[in-house]
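Let the hints inform the model, and build the full structure from the sequences given.
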Amino acid sequence: KNQVEQSPQSLIILEGKNCTLQCNYTVSPFSNLRWYKQDTGRGPVSLTIMTFSENTKSNGRYTATLDADTKQSSLHITASQLSDSASYICVVNLNTGFQKLVFGTGTRLLVSP
Amino acid sequence: DVKVTQSSRYLVKRTGEKVFLECVQDMDHENMFWYRQDPGLGLRLIYFSYDVKMKEKGDIPEGYSVSREKKERFSLILESASTNQTSMYLCASRAPTRDRLNYGYTFGSGTRLTVV
Numbered sequence: 071k072n073q074v075e076q077s078p079q080s081l082i083i084l085e086g087k088n089c090t091l092q093c094n095y096t097v098s099p100f101s102n103l104r105w106y107k108q109d110t111g112r113g114p115v116s117l118t119i120m121t122f123s124e125n126t127k128s129n130g131r132y133t134a135t136l137d138a139d140t141k142q143s144s145l146h147i148t149a150s151q152l153s154d155s156a157s158y159i160c161v162v163n164l165n166t167g168f169q170k171l172v173f174g175t176g177t178r179l180l181v182s183p
Numbered sequence: 045d046v047k048v049t050q051s052s053r054y055l056v057k058r059t060g061e062k063v064f065l066e067c068v069q070d071m072d073h074e075n076m077f078w079y080r081q082d083p084g085l086g087l088r089l090i091y092f093s094y095d096v097k098m099k100e101k102g103d104i105p106e107g108y109s110v111s112r113e114k115k116e117r118f119s120l121i122l123e124s125a126s127t128n129q130t131s132m133y134l135c136a137s138r139a140p141t142r143d144r145l146n147y148g149y150t151f152g153s154g155t156r157l158t159v160v
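The listed protein sequences derive, respectively, from chains A and B.
Numbering of the first sequence is given in the numbering used here, commencing with residue 71 and proceeding in unit increments.
Numbering of the second sequence is given in the numbering used here, commencing with residue 45 and proceeding in unit increments.
The hints are simulated quantities; they were obtained by calculation from the structure and are not laboratory data.
Just so you know, not all the hints are guaranteed correct.
[Unchecked claim] Restricting the straight-line Cα-Cα distance to at most 27 Å, the calculated cross-link-like pairs of lysine-lysine (DSSO-like) are: (1) Lys114(B) to Lys47(B); (2) Lys127(A) to Lys141(A); (3) Lys101(B) to Lys71(A); (4) Lys47(B) to Lys127(A); (5) Lys170(A) to Lys97(B); (6) Lys170(A) to Lys99(B); (7) Lys115(B) to Lys97(B); (8) Lys170(A) to Lys127(A); (9) Lys170(A) to Lys114(B); (10) Lys170(A) to Lys115(B); (11) Lys99(B) to Lys47(B); (12) Lys115(B) to Lys101(B); (13) Lys99(B) to Lys71(A); (14) Lys101(B) to Lys170(A); (15) Lys97(B) to Lys114(B); (16) Lys170(A) to Lys57(B); (17) Lys97(B) to Lys62(B).
[Claimed, not checked] The following residues of chain A were derived to be distant from chain B, with all beta-carbon distances above 10 Å: (18) Val74; (19) Pro78; (20) Gly86; (21) Val97; (22) Pro99; (23) Thr126; (24) Leu152.
Note that the structure is a prediction, hence the values are computed from the model and not measured.
Every residue, glycine too, gets a C-beta built ideally from N, C-alpha and C.
See below:
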């Protein structure tokens with residue numbers, strides 16, 4: 071069964087600290103993996119996309135890693151800011167004709183002053 | 045940037061009412077999607093459309109229908125709203141294959157529907 075699991079479910083960190091969110095997937099055939107940020111009451115916004123051959127990709131203070139062998143990805147947030155408070159969703163794209171998306175349930179991050 | 049606009053941020057409807065959720069995208073994308081998002085379940089695909097007047101069932105189509113009369117507009121219809129359809133509804137538009145790696149899916153801001 072195609073599944074995407076994220077951990078932790080929720081996380082509280084102090085402003086300025088770093089944190090790492092985890093994503094494990096059992097999706098086949100794999101096409102690519104995206105991390106989305108979803109502010110409360112808003113739609114998800116793409117942060118990074120990684121294909122099978124990519125190990126690391128950065129977008130400002132966000133750095134995503136992908137280990138296609140172990141089927142794990144992580145999102146590292148550096149020097150967190152209050153505006154980083156949001157849900158972070160890991161989404162894997164199936165490499166099928168239609169390229170269906172498989173969503174994780176997200177990690178809710180709260181950055182505290 | 046692609047813009048996906050959902051007409052209502054919040055809606056409150058009564059059980060049994062017919063409900064229309066509207067979604068418009070401004071980039072001439074062929075593919076459009078409707079998801080619902082519930083706590084602990086993630087996003088689940090209700091319906092999608094490859095192109096005008098085309099529609100396909102997603103994973104949870106029961107109780108819903110859709111309409112795609114124009115390329116830019118994709119409507120989700122709850123024929124007879126029920127309390128278990130209280131949820132956050134997200135519309136998305138997908139870039140064509142040549143742009144998909146860079147642009148992928150663009151989501152609207154969502155409509156939080158409460159059925160009482």
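- [ ] If any of the earlier hints don't hold here, list their numbers in rising order.
- [x] 16, 18
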